[in-house]
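**Student:** Protein sequence lines, in the order shown, are assigned to chains P and L.
Per numbering that gives the first Met the number 0, the first sequence starts with residue 0, numbered consecutively.
Per numbering that gives the first Met the number 0, the second sequence starts with residue 0, numbered consecutively.
Simulated from the structure, these hints should not be mistaken for laboratory data.
Virtual Cβ for every residue (Gly too), placed ideally from N, Cα, C.
Treat the hints with caution; some may be incorrect.
[Said to hold, decoys possible] Result set (DMTMM-like, lysine to aspartate or glutamate): computed pairs, CA atoms no more than 20 Å apart in a straight line:
#1 L/Lys128 with L/Asp211
#2 L/Lys8 with P/Glu125
#3 P/Lys120 with P/Asp86
#4 P/Lys40 with P/Glu18
#5 P/Lys76 with L/Asp412
#6 L/Lys8 with P/Glu175
#7 L/Lys236 with L/Asp211
#8 L/Lys385 with L/Glu40
#9 L/Lys287 with L/Glu87
[Stated by the list, open to error] Derived list of chain L stretches under chain P, where covered just means 3 residues or more per stretch with a C-beta under 8 Å from a C-beta of chain P:
#10 15-22
#11 59-72
#12 315-322
Spelled out from the first residue to the last, the chains are:
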Amino acid sequence: MQDRQNVIDIGRLQYRWREGLPLVLDIDELGIQRGERVFIKGASGSGKSTLLSLMAGVLSPEQGQLNILGQELTHMKGAQRDAFRADHIGFVFQMFNLLPYLSVIDNVTLPLHFSARKKSKVAQPEQEAERLLAHLDLSGSGILSRPVSELSVGQQQRVAAARALIGSPEILIADEPTSALDTDRREAFIKLLLSECDASDTTLVFVSHDDSLRSYFDRSIALGDINLASSQGE
Amino acid sequence: MPILQLAYKSLLNRRLTAVLTLISIALSVTLLLGVEKLRNESRSSFANTISATDLIVGARSGSTQLLLYSVFRIGSATNNISWQSYEELSQHPKVKWSIPISLGDSHRGFRVMGTTTDYFQHYRYSRNKGLGFASGLAFNTLYEAVLGADVAQELGYVSGQQIVIAHGAGDISLVSHDDKPFRVVGILNKTGTPVDRTIHVSLQAIEAIHVDWQGGAKLPGFQINAEQAERMALQPKSITAFMLGLKSRLATFRVLREINEYKQEPLLAIMPGVALQELWDMMGVAEKALLAISAFVVVVGLTGMVTVILTSLNERRREMAILRSVGAKPMHIFGLILGEAITLTLLGSALGLLLLYGLLVFAQPIIESQFGLFIAISWPSTYEWKLLLAVIGSGIVISILPAYRAYRYSLADGMSIRI
Chain P
0 MQDRQNVIDI
10 GRLQYRWREG
20 LPLVLDIDEL
30 GIQRGERVFI
40 KGASGSGKST
50 LLSLMAGVLS
60 PEQGQLNILG
70 QELTHMKGAQ
80 RDAFRADHIG
90 FVFQMFNLLP
100 YLSVIDNVTL
110 PLHFSARKKS
120 KVAQPEQEAE
130 RLLAHLDLSG
140 SGILSRPVSE
150 LSVGQQQRVA
160 AARALIGSPE
170 ILIADEPTSA
180 LDTDRREAFI
190 KLLLSECDAS
200 DTTLVFVSHD
210 DSLRSYFDRS
220 IALGDINLAS
230 SQGE
Chain L
0 MPILQLAYKS
10 LLNRRLTAVL
20 TLISIALSVT
30 LLLGVEKLRN
40 ESRSSFANTI
50 SATDLIVGAR
60 SGSTQLLLYS
70 VFRIGSATNN
80 ISWQSYEELS
90 QHPKVKWSIP
100 ISLGDSHRGF
110 RVMGTTTDYF
120 QHYRYSRNKG
130 LGFASGLAFN
140 TLYEAVLGAD
150 VAQELGYVSG
160 QQIVIAHGAG
170 DISLVSHDDK
180 PFRVVGILNK
190 TGTPVDRTIH
200 VSLQAIEAIH
210 VDWQGGAKLP
220 GFQINAEQAE
230 RMALQPKSIT
240 AFMLGLKSRL
250 ATFRVLREIN
260 EYKQEPLLAI
270 MPGVALQELW
280 DMMGVAEKAL
290 LAISAFVVVV
300 GLTGMVTVIL
310 TSLNERRREM
320 AILRSVGAKP
330 MHIFGLILGE
340 AITLTLLGSA
350 LGLLLLYGLL
360 VFAQPIIESQ
370 FGLFIAISWP
380 STYEWKLLLA
390 VIGSGIVISI
400 LPAYRAYRYS
410 LADGMSIRI
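Start from the sequences, fold in the hints, and give me the full structure.
**Tutor:** As structure tokens, this is what we get:
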């Protein structure tokens, strides 16, 4: 469990929403290595959003170990976990990832305002944002100058990926990022995401209920198998 | 931290509701400060109705009543005082000057006041301002009248105009002194006091028009025409009240007591400053009610803002989840909402202040000409700044409610996006 290669190390982790309610999550052991691309499969209600919130430090477990990048999150206070997330983690949601009142570039550079560490890694935020967007097949003033609400869902998800990748976080967590995309775009999006993670040596934790995607990843984990609480329902 | 910049851009995104909120805050601030300004100016204008007069003396009644009929020409005296008492008291060694006044007649709704030319010399208002003539002169012969500025303006009278005085104070009087018409010889400058609404004639003229009257009615079959009256001895037997200026202010209380204990006739002396203050305190309830109402309007404006922010919170949960995902702390979310409220309150207050002064510049001449109330366009007073600060402060304090709610949301929601 104390494998130094693991960027995420979970041991006997338990979580419930409130005291008296049944456990939502009960994971005996889960380790994810540096640079790994892990696919976590889970149906809705299997506790996957809870697991991701725990990994990102938004929620705090009832008991157990939650070690990210060698740091024990369970020992941190809320504000410390927020700062930790800002510094080390990129996050992509299922949909509606962007702030409608910010430009494409401002959306991408948003994390730099909350993390001095990410900011220090990016000398020129705008150029870096444009570079990342170009890698994700979004370039040209035509797209960059448009209000984000006018972008297609696929384009919005790629902007969100660029935002998650800026400042080279160690871990990128994606929560069903492709569920709003059609099959062709889904594949293209995953390929772009994977190649960007490769380029920046970022560990990718990708969660989806869609089993057909798992062939793109190094490893696949079924949450239902490792979550001892899932059989009890939510 | 560019959290304020985020708040600004987020607000810009909701500019329609933001502008409406701004307008409601601005209007309520304008109303509050406007009422306060008007209240102050009318109070000081009220207190300035009469100055330099140390005592007003009339028949024994209430001090407010005496003030009302002698200074404001409202209501009437229950009793007159004898000329003899006036003569005696005006010769008092402490008295510097005296002005007798005699009321009871009117002209088209304006009160006619009999007095002496001392009135034009000694009467003071608004910190020692004297009466000046806009045109013409004081009355000199018997059937001459001097008009207050409003009388001349509203009735369109100029010097040389013939006027007929009606008996009694009513607007429409059935009996008039049409056998003895007066000629306008002078018009006074505007003062913003009841002087503007008064027609001044000599005491002898009041005597002359009543020479063939008795007990409020014309004596039947007995008539003395204008020329005959002029030749008669027109020494008044009684007057309504008189004003006294003393040689030394220090003597005021002594003279006041002497007059109130005057043996020959029951008299009442009042100090106009004190009586004015009493009267204002009586009317102060209305004035305070007005201020209270405008304070409530501010509360409504601020509550509107909080309502708008609270309503927007639900649709902004996604925005907060996104911010949380990129590393924003719940405190940032708190600051975002509070920042928005502070921006709205500050901008609204500034806008309200601007609107107030804009309105003042526009309305000042109208208010002055219509109500004789001069509103100085000056930098807000300390009290007005305090009111403004109270508005901004309460805006910030009640915004803690939506900010705290957003904080709770963002703790509970974390990064799960609720749509």
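**Student:** State for each hint whether it applies.
**Tutor:** Now for the hints, and whether the structure bears them out:
1. L/Lys128 with L/Asp211: 39 Å, violated
2. L/Lys8 with P/Glu125: 18 Å, holds
3. P/Lys120 with P/Asp86: Holds, at roughly 11 Å.
4. P/Lys40 with P/Glu18: 27 Å, violated
5. P/Lys76 with L/Asp412: Holds - the C-alpha atoms of aspartate 412 of chain L and lysine 76 of chain P are around 17 Å apart, at most 20 Å.
6. L/Lys8 with P/Glu175: 29 Å, violated
7. L/Lys236 with L/Asp211: 14 Å, holds
8. L/Lys385 with L/Glu40: 18 Å, holds
9. L/Lys287 with L/Glu87: 44 Å, violated
10. 15-22: Coverage by chain P is violated here, the residue count being 0 at a Cβ distance below 8 Å.
11. 59-72: With 0 residues in contact (Cβ-Cβ under 8 Å with chain P), the coverage given for the stretch 59-72 of chain L is violated.
12. 315-322: holds (count 5)
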